[in-house]
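Line by line, the protein sequences give chains A and B.
If you count the first sequence from 1, position 49 lands on 49 in the numbering used here, and the numbers rise without skipping.
If you count the second sequence from 1, position 61 lands on 61 in the numbering used here, and the numbers rise without skipping.
I should point out that these hints are in silico values taken from the structure, not numbers from a laboratory.
Just to be clear, a hint being listed does not mean it is correct.
[To be verified] Simulated coverage check for chain A against chain B, where a stretch passes if three residues somewhere in it have a Cβ under 8 Å from a Cβ of chain B: (1) 31–45; (2) 84–97; (3) 102–109.
[Stated by the list, open to error] A partial selection of chain B residues facing chain A, derived with a Cβ cut-off under 7 Å: (4) Gly42; (5) Trp48; (6) Leu90; (7) Gly97; (8) Gly104; (9) Gly106.
[Claimed, not checked] Calculated from the model, a selection of chain A residues having no Cβ within reach of chain B, i.e. all distances over 10 Å: (10) Glu15; (11) Gly16; (12) Ala17; (13) Glu66; (14) Ser70; (15) Val81.
Being a predicted model, the structure only gives us computed values, none of them experimental.
Just so it is clear, CB atoms sit at the ideal spot from N, CA and C, and this is done for glycine as well.
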Amino acid sequence: AQSVTQPDIHITVSEGASLELRCNYSYGATPYLFWYVQSPGQGLQLLLKYFSGDTLVQGIKGFEAEFKRSQSSFNLRKPSVHWSDAAEYFCAVGDGNQFYFGTGTSLTVIP
Amino acid sequence: EAGVTQSPTHLIKTRGQQATLRCSPISGHTSVYWYQQALGLGLQFLLWYDEGEERNRGNFPPRFSGRQFPNYSSELNVNALELEDSALYLCASSWRGYTEAFFGQGTRLTVV
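Isolated chain A, as found in the complex:
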């Protein structure tokens, strides 16, 4: 069965520092992969997606993610974090029918 693991429940970084959020998935075939961001009390906004092709994908707000098949990972990165990036981040896998979400990583940004 498909599953998504986000090992880090909460991460704190300083403004201007780099960021990496981890995501591992379990899926038999090449999955559709997504990262979403959620501000408190709001819906989820798509940051980026991977369907096929180049394994390094660029998203909105300066985020990027790299698909590594050998590690079953799809980690999210940002070179310099801004205070407005503080939010909940969800990794998701799609199988062409449904979407499977990780439990999320809460990001705190300190000045």
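With chain A fixed as given, assemble chain B onto it according to the hints.
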């Protein structure tokens, strides 16, 4: 182009009552997904509708039900409300699961 819209934004109900939540998908999207997000918890999958049919449901009791209309809009019904049903209910739509899921802003259900 309009995104996924959910109504109402907020809903306050008394324990034992019924709640109805509505979702309008993006035009052209045939699949609608419902998720429950209780405070401090991640997204719990509730229901998936496609082409008017219920395709799958999560591990929730039968008092959580819904339907999808011919125009692909959907409603979620929660009967016999319990205090622990208080949560943000999120609706998402996709074109048959082959595109990313687009989310609405959610309905905040409070059971008192």
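Now the hints, each set against the structure:
1. 31–45: With 8 residues closer than 8 Å to chain B, the segment 31–45 of chain A meets the three-residue bar; holds.
2. 84–97: That given contact holds, which follows from 6 residues of the segment 84–97 of chain A lying within Cβ reach (below 8 Å) of chain B.
3. 102–109: holds (count 3)
4. Gly42: holds, 4 Å
5. Trp48: holds, 6 Å
6. Leu90: holds, 6 Å
7. Gly97: Hint holds; B/Gly97 Cβ to chain A Cβ min 4 Å, cut 7 Å.
8. Gly104: holds, 5 Å
9. Gly106: This hint holds: B/Gly106 lies near chain A, its Cβ roughly 5 Å from the closest one there, short of 7 Å.
10. Glu15: Answer for A/Glu15: holds, closest chain B Cβ roughly 25 Å.
11. Gly16: holds, 29 Å
12. Ala17: holds, 25 Å
13. Glu66: holds, 18 Å
14. Ser70: Holds, since 24 Å exceeds 10 Å.
15. Val81: holds, 22 Å
Going through the hint list in order, the structure satisfies each hint without exception.
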